[in-house]
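Asker: The primary structure of each chain is shown beneath.
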Amino acid sequence: MAEYKMFEGCLIGNRIPFIEASCRKIFDKLGIATSQAPFSCCPDPTGFANFDNDGWLAIGARNLALAESEGKDIISLCNGCSNTLKLVNHTLKHDNLKKDKINKELSKIGKEYKGTIDVKHFVSVLKGELEKIKNSTVKPLSGLKVACHPGCHYMRPSEVMETDDPMHPIDLKEIVAACGATVVDYGEETLCCGSSVSNAYEDHGMAILKKKMDAVKKAGADCLVVNCPACFQQFDGKQRDLSKKFEEEFKIPIFYISELIALGMGIPADELGTKFHRTRVSDILEKIG
Amino acid sequence: MATDFEFRKQVLDMHMSGVIKYCYQCNRCTDNCPVAEVTDNAYNPRQNILNALLGFKDAIFSAEKIAIWGCTICDTCDEVCPQNIELTEIFKLLKNHSVANGDAPDFYYLQAKTIFENAKAIPSQPAIERRREQLGLPAVAAPDVNELSTLLKNMGIDKKLKGE
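Protein chains in written order, with the numbering used here: chain A, 16 to 304; chain B, 8 to 171.
Be aware that one or more of the hints could be misleading.
Listed next, the in silico DSS-like pairs over lysine-lysine satisfying Cα-Cα at most 30 Å (straight line) [said to hold, decoys possible]:
1. A:K142 / A:K259
2. B:K169 / A:K123
3. A:K260 / B:K72
4. A:K225 / A:K266
5. B:K28 / A:K123
6. B:K72 / A:K119
7. A:K113 / B:K166
8. A:K233 / A:K290
9. A:K40 / B:K72
10. A:K142 / A:K188
11. A:K129 / B:K169
12. B:K72 / A:K259
13. A:K225 / B:K166
14. B:K72 / A:K123
15. A:K290 / A:K225
16. A:K142 / A:K154
17. A:K260 / A:K225
18. B:K166 / A:K260
19. B:K160 / A:K129
20. A:K154 / A:K116
21. A:K154 / A:K87
22. A:K119 / B:K160
23. A:K232 / A:K154
24. A:K266 / A:K232
Taking beta-carbon pairs under 7 Å as the criterion, some of the chain A residues facing chain B (in silico) [what the hints assert, rightly or not]:
25. A48
26. P58
27. D59
Using C-beta positions, here's what the derived DEER-type ranges look like [stated by the list, open to error]:
28. B:A107 / A:G304: 38 to 46 Å
29. B:Y29 / A:K129: 44 to 52 Å
30. A:G235 / B:G163: 48 to 56 Å
31. B:A70 / A:K226: 22 to 30 Å
32. B:D110 / A:K147: 20 to 28 Å
33. A:L112 / B:G163: 13 to 21 Å
34. B:E140 / A:S297: 42 to 50 Å
Note that these hints are calculated values from the structure, not bench results. Computed from a prediction, not measured in an experiment: that's the story for all the values here. Note that beta-carbon positions come from the ideal geometry of N, C-alpha and C, so glycine has one too.
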């Protein structure tokens, strides 16, 4: 398998690096090779893109150019980064006027965007390695009931992301099943986590989060699994506030999909940094054994 | 209500495929919008598309901020639209205008300033650098801050930052 340029992103790299730890460990086991590059912020498709579209395209194109100069595809650990990098790549490949405009700016800093590489979300790479995941699972997560939240930008907008069904996603479920766990349907799989609207309107984000967690709770899931650090923070970090706000207990353990895979591979929880989760995961770790 | 033709042109140019003009106001976008649901339609994507298409600039930008910034960028409207309109692209244009007018929520100016000054939306910090080490992770490859801020300055984007 060819080597990818690792795009861990700002949130994972500089705030919740334990997610990168589990990703790197499972990549090693699965033979997915990566190397680093001095990437900047992708930049945030829910933040900076709304600030200035051309600036967003230019920074994104500069990141793509860094990977292009080594002739390697990018593997992203984050929905936001893969959304930005894929959207920028798509836009500049289909709009020559924009491409010329952005390249004129890039040339002033000695860079050029050519459109020669692809960007992959790590989940869609793992989806192609289901057999390998099954074969490397030495401690199947039997009996663990898992609700899946792939997050909006894993598969939407579908014509650009080209990963999963935009309204009935299955990739994450198939990976969870490959680890030996049981997928629990809860009917709100494609509902937003509420993170983006919270940047301006915290209350509305909490209302969306409530709808999501209500459904997960009602379905009787042991935990909720995600593949986006923004969603992870929303679910893992805000359940306590949610409980206070609505005077109802919410304490669903949250896992990154890479953590579940790693646990199934028999990698000790200590090495994964699961103690840095805000939600209590010890019961689940005990259950897995 | 007056049509601003320059603004209308920007809306039509933003939408490369041009299908926005086929919007027949079916309301699928608003019916499926998670924010419309929790705000009793105070955020209403259908209304934004109608106003944008008609070039009703004042109606959009003189309304309460939530009319633009309530969008949570989940791209659900894009998927359910029977006319394949990329609504989120249009909403991005509206937000870019709001930023340029100085009317956006603080978060957006703060994040842009952080990226301008650090080349990362979340800068590196010693406690996390230590945690990376403990987890056996390599240091994050440092981005070229100077090159990134030069790029943004050349494009005049630093002028949109607040407190500059």
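Asker: Next, verify each hint and record whether it holds.
Answerer: So, going through the hints one by one against the coordinates:
1. A:K142 / A:K259: Outside the cut-off at roughly 38 Å; violated.
2. B:K169 / A:K123: Holds, at about 25 Å.
3. A:K260 / B:K72: Within the cut-off at roughly 24 Å; holds.
4. A:K225 / A:K266: holds, 12 Å
5. B:K28 / A:K123: violated, 38 Å
6. B:K72 / A:K119: Violated, at about 34 Å.
7. A:K113 / B:K166: holds, 21 Å
8. A:K233 / A:K290: Between K233 (chain A) and K290 (chain A) the Cα gap is close to 26 Å, so the pair holds against 30 Å.
9. A:K40 / B:K72: violated, 44 Å
10. A:K142 / A:K188: It holds: about 10 Å lies between the C-alpha atoms, which stays within 30 Å.
11. A:K129 / B:K169: violated, 33 Å
12. B:K72 / A:K259: With Cα atoms ~28 Å apart, K72 (chain B) and K259 (chain A) stay inside 30 Å; holds.
13. A:K225 / B:K166: violated, 39 Å
14. B:K72 / A:K123: violated, 37 Å
15. A:K290 / A:K225: holds, 25 Å
16. A:K142 / A:K154: holds, 20 Å
17. A:K260 / A:K225: This hinted pair holds, its Cα atoms lying about 10 Å apart.
18. B:K166 / A:K260: violated, 39 Å
19. B:K160 / A:K129: The given pair, whose Cα atoms are some 23 Å apart, holds under the 30 Å limit.
20. A:K154 / A:K116: violated, 53 Å
21. A:K154 / A:K87: Roughly 34 Å separates the two Cα atoms, so the pair is violated.
22. A:K119 / B:K160: holds, 14 Å
23. A:K232 / A:K154: holds, 26 Å
24. A:K266 / A:K232: holds, 9 Å
25. A48: violated, 14 Å
26. P58: holds, 6 Å
27. D59: holds, 5 Å
28. B:A107 / A:G304: 38 to 46 Å: Hint violated: Cβ distance 57 Å, outside 38 to 46 Å.
29. B:Y29 / A:K129: 44 to 52 Å: This hint is violated: roughly 34 Å between Cβ atoms.
30. A:G235 / B:G163: 48 to 56 Å: holds, 54 Å
31. B:A70 / A:K226: 22 to 30 Å: holds, 26 Å
32. B:D110 / A:K147: 20 to 28 Å: With Cβ atoms ~51 Å apart, the hint is violated.
33. A:L112 / B:G163: 13 to 21 Å: holds, 19 Å
34. B:E140 / A:S297: 42 to 50 Å: Roughly 25 Å apart at Cβ, these two residues miss the hinted range, so it is violated.
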